[in-house]
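Enquirer: Since the structure of chain X is already known, use the hints to place chain E on it.
As a plain string of letters, each chain reads:
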Amino acid sequence: MKFSDFVVPEAVIPNLSGDSKEETIRTMVASLTASGRIEKEHEESIVSAILKREELGSTGIGHGVAVPHTKHPSVDKMIAAVALAKEGVDFASLDGEVVYILILLVSPPDRPGDHLRALENISRHLRNANFCNFLRQAKSSEDVIELLQEADNNQI
Amino acid sequence: MSQYPLIQREVTINVENGLHLVPCSMIAQLAREAPCEIRLSKGSQVVDAKNIFDILTLSAEKGTVLAIQAQGEGADMFLARLGALFDSNFVPNTAENP
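Same order as they appear, the protein sequences are chains X and E. Here my numbering is used: position 154 in the first sequence is 155, and no number is missing along the way. Here my numbering is used: position 85 in the second sequence is 1235, and no number is missing along the way.
Hints are all accurate, no fakes.
Derived SDA-like pairs: lysine to any residue, alpha-carbon spacing no greater than 20 Å straight-line: (1) E:K1192 with X:E121; (2) E:K1212 with E:V1165; (3) X:K3 with E:E1211; (4) X:K41 with X:P10.
A few chain X residues that don't get close to chain E, going by computed Cβ distances all over 10 Å: (5) N16; (6) A31; (7) E45; (8) H73; (9) P74; (10) E98; (11) Q138; (12) D144.
Calculated from the structure, these hints are not laboratory results. Think of the CB as a built atom: it goes at the ideal place given N, C-alpha and C, for glycine as much as any other residue.
This is chain X alone, in the form it adopts within the complex (with noise of 0.2 Å):
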C-alpha cells in the first residue's frame, strides 16, 4: 500500500497551529469534512472516537510521529489527513517526546488488513531519520504530497 492510496492531498497541513491532542485531532478530522470525504454530521462522531482511541494508549508511537486513528462506519474507504506541527504537540508519546509528524486514519471497520497494511507503509518510511526530517521541513502541501510520492516511488 502507499500513501496516494489513503492520503487524501486535500486534507495535508502543512503548519498546524493547535497546541493541545484535541484540538490538533478536531483540525484535522475538520479538513477531511473540507475536502468532502466524510459528512459534516459524522465530523464529531468521528472526532470522538478517536479521542476514545487515544485513552486506551496514545498513537504517539517516537520519532516525532503519531497515527490517531479509527474506523468509521461512514467511510468505505481508508481516507488520511496528514498535519505538521512545527512547534510540537504534547500526545502523551510512548518516548515523552512532541510530536510533529502526524498521520490521521479513518478506516472502514470491516477493511482491518487495510489498516494494517496503511501502518505497515507509515512505520516503514517514518522510521526513517532523514525522511522525518524532510517531511519536517516541509513549507506546503505540495512539497508534503511531493515527498509522500517519492516515498512511494521508493525514492527517499
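Expert: Structure of chain E alone, referenced to chain X:
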C-alpha cells in the same frame, strides 16, 4: 559468538484486527524491559521487538504465525512473558497475572 543460545517460540496472532498499534506498543514496551535481544520473525523478515516501527512493518494479520526469538541475559524469562502476552490476546492484566 554470544555465550547465550538463541531461543525461540512460535506464536499465532489471534487478535481479530491483527497486530495493530495497541499490541505492537505492548510488545515493544515489554521487550524494552529486557536486557537481552528480542526479535520477531515472520518468515524471512526479522525485526527488533523493542522498536514499534519495526514491529508494525510485519503487517501481521489474524492467523499469522510469528517466532519470538530471544538471546542473552534473561532470555528465558522474557520469551515466556512475551509468549504469555500473545496467549492473552493482548488483553491487559491477564498476560502478567494469569
